[in-house]
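Undergrad: The two chains are supplied separately, each in an independent frame; assemble them into the complex guided by the hints.
Now for the letters of each chain:
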Amino acid sequence: MASDGGGEEDFVTYGTPLEPLEEDEPLKKPVPLHEQTVKDEKGRYQRFHGAFTGGFSAGYFNTVGSKEGWAPSTFVSSRQQKAEKPHARPEDFMDEEDFGEHGIAPRQITTSREFSSGRRDEAADKARAVGAQASLIPGDLLLEELITPARSSIGVELLRRMGWREGQGVGPRVKRKARKQQADDGARVYGCALPPAGSEEDEEEEEEFAPENVTYAPKDVTPMDFTPKSGLQGLGYRGLDPGLALQGSGAAQHIELFDPQGGRLFGDSQRGSRRRGVAGQAFGVGALEDDDEDIYHRDSMSRYDTVLGGEEPGDGLYGWTAPQQYSDKKDRSRDASYLGKILEGFTLAQNPLEEKQVFPPPTLPRGYRPVHHFRPKVDVLRLSGVSPALAEALKTSKGHMVKEEPQQGGRHQLVSGQRGALLGEDTLQGPRSVMDLLKPEDKERLLRLRSSTQPASSPAPPTQTPPTTSPVPSALTPLWTPSSVQQEAQAAWRGTQPSSQTFRPFDKNPSKQARYDLYLSRLRQGDRDAVEQSLDPCMTEWERSRERDEFVRASILYRPASTSLSSRFTRGKNQEDEDTVEVARDQEGDVDDKQAAVKMKMFGKMTRETFEWHPDKLLCKRFNVPDPYTGSGLVGLPKVKRDKFSVFNFLAVTESREPKAPPKPPDTEKKSRWDVSQSKEAAEKKDDLSDLLSTGKNHAETGPEPEPSDTAAATSSRSEEPTDQEGSEKGDEEESRPPMDLFKAIFASSSEEKSSSSEAESNDEEEAEERQEEEVKVESEPLNLFSISTGVSSSAATPACQPPVPSQTKEDEEEEVFGPKLPPPSAVVYTGGTAGVCPPSQEDKRVRKRSKEKKPKKSKHKKEKKVRWKEKQQDRNRFETDLGSAQKKKQKKKKGKQKKSRKESESSSDDSDPDVSPDLLLKRLKNIRSQQSR
Amino acid sequence: MAFPEPRPQAPQLPQHLLRTINCQQGAVRAVRFNGDGNYILSCGSDKSLKLWSVGRGTLLKTYSGHGYEVLDADSSFDNSQICSCSSDKTVILWDVATGQVTRKLRGHAGKVNCVQFNEEATVTLSGSIDGTVRCWDNRSRKSEPIQILDEARDGISSLKVVQHELLTGSVDGRVRRYDLRMGQLHVDFIDSPITCVCFSQDGQCTLSSSLDSAVRLLDKSTGEMLGEYKGHKMKGYKLDCCLSNRDTHVLSCSEDGHVYCWDLVEGSLSLKLLVGTAVVQSLSFHPSETRLLTAMEGRVQVWSAEPEETEDEAPLL
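Top to bottom, those sequences are chains A and B. Here the first sequence is numbered in UniProt numbering, starting from 1 and rising by one per residue. Here the second sequence is numbered in UniProt numbering, starting from 1 and rising by one per residue.
Any given hint might turn out to be false.
What the hints assert, rightly or not - One side only, chain B facing chain A, incomplete, derived with CB under 8 angstroms: (1) ARG29; (2) TYR178; (3) PHE189.
To be clear, the hints were calculated from the coordinates, so they are not data collected in a lab. Just so you know, these numbers come straight off a predicted model, no measurement behind them. Glycine included, every Cβ here is placed at the ideal spot set by N, Cα and C.
The shape of chain B in the complex, shown without the other chains (with noise of 0.2 angstroms):
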């Protein structure tokens, strides 16, 4: 939400490429920052994982192991772990340093579209196209999951998890909170099925983009939309979107190879990046800084606020 800033600033927007990573592992399916933002998860199709260092764009680690290509992935607080999920119906935590599998959850019985750690990285939650959220203890050895929630229609698509709550989009139409504090499930209807939610980093709202190629945001609490952001196309592709580090801006991916980027108080466009020719596939927003991730095919490019001084590495495009 914006508070007003006390001192105005000029937006800073990501609009410099800092680098671009050819990741050499067929389309990257998503690309996301670790918890502090110093290193990136890049989803590749061709069933592995790969580590990267933000600042260097150095290779630290692949984690082969997937039968599928690699769908989401999310690191622990604590980056020790690292959960990833795949179209071979499986879940996998993983060692970050030595590579390992540490295990292997089955039970969806389709492929998991998104997987996310809680926040003390106890539980991972994997949300698939079966229309089932399985929540797996890390703490146990055992198979099953602690609860399967069942209340989607239709595959799940984004899941987000802050605090004690739960956020499900899917492909159903409905972006589903569940609170696990007050046990109550929240449905929101948007109609047109679900490719991403966030939470706002102030945990106030939620933001949900559609195939109508429309991104809301939508007041928690009372489901009420306090903005649109429209202009993208997303019409046939589960692309990401998300909000700035600040809440300042409202990010999409779009099909036709632009990220776009929202006032989230006026709603009026303020940069359409230009990131390639093809589909704009996911995106990750850094927690602390303006830095911005996009992946398109088989790249991962870092975009910043200003371009870096020193140009030794220049971009590869």
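Just chain A, same shape as in the assembly (with noise of 0.2 angstroms):
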């Protein structure tokens, strides 16, 4: 590198040369690492300090401004000189090194832009050799450093002693004219560019007058690049061209090769608004830059050829798959450069659009006159004289139908059904009333109940049973016979579909419920004698009777929804799996041991039950404490599904009469006891109502008569509440009953199970509120069936020998439903002298709402005693502000409050208060007797 020895004009020097060795000098010490330090050229310590600071220190020894520190400029009062502002400019903040050769804004006189080519001023030759290795295209560069004339490389230099001059293609001369070079106004092609549409033709054109003899350079060809592509970037990718990003506002464009303006290859193509600084695909609007338009390129594959081989462009490039705009080839009337320019954001369409085609009108017959005649309408129905002959002769005439008027008066007249069928809807299938869900040996019993409550002297009425969709076997069949039921069971399942969903009573049993299996699909099929046919030849004459009372009985308990109910009901769109339940696995123990257990105070081990429990896992992280189940999704007590139901429960009905209700989910148990005498157990209120069943029914000769009802209002009431039906059985001991039975035939097990449940719950007490209920209801709703029982209630005969109602069973009553009670909100006069104001609590409410329900006649006074009160208070409320009326309406509302609240307070009361009054202590008496009585 350095130049030692002669001949040193020849060669030339890069760096500092090394000292000349000296013999005899004793070897210098190598400068440790730590002292070779960098210095300008003022002997000034360079710091380095980054990447984004310049690089070497900037401003005085690390410091900012002079060797004082940074002074700030002082602040001017601009008040009176507000035309001149400081104008900094970006060369105020450099100092000479920014302005040396190798700063940023070096301060040389350069070539000016004109003389110069395109780009050359350094900042952007500087750019560009730094762009040179980003650039995925290095032709850009190369290219340019062709065309440019002042500094040419060796090559150029050769070429051009050969006779090459810029524009022309390299090699033999050729015949043909070279096209035109488009190197005017900076249009220039680079990459895979194709040659405009027309030059062909253009060419030929001018050949003619071409002489013979005149040969022209080969047109200039575009090298390609056929470097690798590297990198994971997707096909046509360029990064960001530094290069543009530091040039200033008349740098060359970036050549876009996949320019989303398709017209902008040919020709002039719009250039006006471009944007300058940093710009490339990658990167979305800087700040430099002027508008958001265009940010990201727009590619579609219809730019890239799908066919290989598809068509020959002509152009030399067949096979190559770049992007070419063969579609404008095919049809040169859509060419871009025909269109002229093309607004922004919008593309060529690839495909032309459809002619519209159009047809002539018609050609008019000779003599039309456009005149039309309305054909005077005869409303046949109108014309009173009219023999109906004619009409209908006049009907057919005319040509059309006329509809037939409705005979109902409108559609308000309609009765739904009929509505419905002019709209064309299906007539649901199902039945019409409950009583067709009655077997018919129940109806049968039912209507000879009703004929023997009948008084003698008036003839039972001729039940009209309802038409039924199911068919009904003869309604005097004696009671379930063998025949009769395994008709019913044929009626059942005929015609029905075998779905899945079909209940296997004898799963254990592969081969007895293949059997059953086979037992059904011949019902369906309508098969008279199913159940001989199904039954095991081999089989015992015990067993095969046996057995064909089960898969009788099985039937027809189990008998498919469809007949009966399923069809006014829709199934559900994601039924689950029907036939199991959701279980907490640990149950409850039993509660009458507990009770025992309470009763005899043996608190411990009888009365204390521990259950898993999974707290969630977030309610254990805020309580600090670990999950005690990790890893386990359950939450709460651990669940199990069980069947919904059992064999036994549906096998189990009809050998013993008493059926037995299916286990009883936990939640149903769910009963407020908020009151606390319950001595008595479950089973022992079985057997008192079976007590009560039995004196009803022998009381049923003699008991009054009930009313005549309406089978359709009795099957209504089904839907009444339990304890209503509980009500009713347990009413009064003197009145008519129906058989046990009955109740079980309308009340299958789902009710059954409730009953039984309420029954269980209800205590005593219950009685006497229910009794009321009644008279209630019977006064309410005369068309009972349930008159039958309650009938001319006895109750509402002999209410003197009743003791009245006590307001506690009331209450009680309500606290069923609601729960604890809150003492009343202010029973004695306030002490203080400005008393708040108390609302009328919750309560008062409730027990108004449900005085009002329930008890119209006995509550009514004290119905308006309330109501007088909140009337006081609402006054009360209303001129509180005012001190005078307040002051004398206070003591009218405290003496409402007073009633009112010891009123309550001692309905609940047994105790003995030092002060009551004679009515109130005749009221505690009736409350004691009626406790007493239940």
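TA: Shown next as structure tokens:
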């Protein structure tokens, strides 16, 4: 590198020459690394700061500004001199290094732009040098170099000496005329550009005038860049060109290979609004950019050849799969160059619009006159004097059907079924009333019962059974004969579709289940002796008869719902596993035992139960407690799936006439027992109930006659609350009672379960109140099935013997619904002079409401009192601010409050208070009596 | 539990009326000390919740925002938050200083009887007459509770949280203790509807009052009954019971206008405190001192072991 020796002038020296070695000089100690410092030309240390601070030290010894540090420019009021504002230029903030040769703004005399090549300034050169590495297409830079006249490479020199000129292609000269290079106005074409569409034609035209002996330089060919794609970017991706980023406004454009504005490659295109500064596909809108138009490159697959060798472009680029504008070639007329400027954001349509085919109007016949005659419409039905035959003739002669006038007056007089028919709805297939769901013999029993309770003088009205869809066997079949049962089973199963949902009662015994299935399928086909055929002939007679019984019973008990109810209901869309129900795994033990234990005050093992309980993970976290069951997704008590139906629930029904309710889900036990006195056990109550019923049966003949009730009305009462039913069962013993079977038949196991549970929980003190309920009910709806049982309620007839219902029962019952009670808001006169306003408490309202519902008569005076009291209070509230009136009314209010609260507090108390008014004492006495009577 | 005192002292009972506060918010449904016992929260039936100072009996703040009568309230350990529950089925978290509603927790199907923070006030637990206890997360803004404890078969009347244990009393006559650490649920059958449950201060016993006019002290771990306290009257109303600050006495409201105070070990009635003629609805014992709050109708009374010397604030009675 360094030049030593002779012939120095031939060499170019780079860098600093080493000191010439002296022979006798002792070897210099090498400068240790930490002492090798960089100094600038003035001997100042240069400290390296980092990439973003411009490399070496800025300012004065690592400080800003001068030796004294950075002095902020003092504030000068510009009030007087508004016009002159200090315009800070970038150069103001630069030091001499920046202005130096290698600075960012070198101040040297350079050739101005006009005299240099297109982009010939220092900064641009530097930037381009950097960009050459980043750019994917180095040809860009190369070409630029080629075209540059001033400092051309040796190759260019050589070429030029060989006669090449700028703009010409390289190679032997050809006869054809070289196409015009489009070097004008900067629309240079790089990359894979197409020759203009019209060039061939132009050449053809011009060739006529070209002399024969003239040869032309070949077309300049843009070199293809076949450098393999490196990096993970997609096809056509170009990174940011730093050259462009640093260039000024006059710099040439970055060449867009896949210009979304298709016309740009051809001729003139819009070049007006170009952005400057950092531009590239990988970047968003920079701070320096003017606008954000066209940030992201848009590319479509239609620009690519999808077919290999489909069409030959004929431009020497056969097999070139880079995007080309083939479609433009096909349709010359749609060439962008002809269409001119295309709006930004639009591209040329790939497929031309289909032309609308226009059909010419038909030729009018001669003598056509455009006038329409309306035919007079004859309302046939309105013509009263016309004979029907004539009307018919008229109708047909008109050629159109006169719609029958609807007989009904309007849509409001239509029944829902008729409306549905008008709308084209299907009529509901199911039975019309609940009576249809009854077994025929039950119906028969009902009828008989009614007739028996009818007085002899009044003949039993012939009951009209509502039309049934399910075939009803003869009404007078003897009870529960096998044939009738079989018939019924057949009726139930006939024509039903076999489905997977059918209950499989004999799942444990596959062969038996198979026989049962066979039996069912025969039933569906309507086979008469389905049972006999499906039974196993190898079995003994006894077994067969037993199985026959079982099958028939099972088929009846699990009759398909389609015949009875399912037609009225739509099946749920996503039904889960119906046959199982989620039940808490650990059921609570027997309550009776516990109650006994509590009575004996044996708390502890007897009353304590411990369950596994899974707290939520988050809850544990919040409580700062480790999750006891890590990994289990369970929350709460662990649940298991159990069969909803057990065979025994069904098979046991007919054998023992006492149907066993299916296992109660624990929720049904969610009952309120806010009242304390429950000493009776459920079993006892059942006995009581049966006793009651038997006595009721005995009394059936002697009892008062019930009113003949319509069966439809009777069935409607099925939806009544179970307490109602229970009440009717428990109600008054001297009343007539239908046999228990009837209730069983009507209230199948579903309601049986409810009623039994409510029986278990029901307390005797409810009785009186239920009696009252019945009273009301009898008054309100006399046409009730249970008027058979309750009849003209004797409790209504003998109110005197019954202790009047104390208010406590009412409250108790209310508590059953609402839980614990709160004391009345205020019972005693406020001691303070300024008593707060007490709105009526919730209980009051509730009591009022209930009393409205339940006991319209008895509570009337009470209600009135309350209402009055409320009015007073409202008044008081209204005039609360008014001192005078408030003072007056306060006394009234106090009185009312006193009365009411005393009533409430005493109604629930058995203890004696020192001061009791006589009527209250009376009330309390009644209270006690009623409790005893229970 | 009664550990023998090193030096037997005369049992101190709050038998002197310090002051009566006329809350002027309708009936006071519940009265509670805050965490350190310096303030009183009174839940009124006129939908308001009021904060009082114990020392002076002055009203500090009124929190209004409930839609129906407020039934219970609790303050967080740092006194920064108050939770309250109401018949309007909501639980509200209040910012103490500003009186603003921080959160309104909806989800219960019925009126909410009781509410409690856990120890760090990260969870609010509320029990309702819909039979569920809902655990609301205070740390997140989720509107759904973390967990719903629906094991009760009837309304929850009372609920207490101590450390990792949750004690609920239900109208179905059962006291349930949820042990989060063990992942167990202990159910004690009491038979009579529970009106109030408490933990003892040492955390070994549970106290439960029920509508058969009895207060029972049960051993927490086995469920055995350690004591039964009778004599008061609790037949129909949901009344409170509590233990004294040192577990020496059991206190219970009564419908005959008294507060009954039994010796815990002996079971004998040691004090029958006449509060008034109406029902004593709520009471709360001071966490560290011998002080008692009672609520009867619209008044809250503060009781102390010895009468205050300064009689400048004579009781309004």
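Undergrad: Given a cut of 8 angstroms on the nearest C-beta pair, is the interface hint for TYR178/B held or broken against chain A?
TA: This interface hint holds because 6 angstroms falls under the 8 angstroms limit.
Undergrad: Would the stated hint for ARG29/B survive a check requiring a Cβ distance to chain A of less than 8 angstroms?
TA: 6 angstroms, holds
Undergrad: Quick one, is the PHE189/B hint okay against chain A at 8 angstroms, beta carbons?
TA: 4 angstroms, holds
Consistency note: the structure conflicts with none of the earlier hints.
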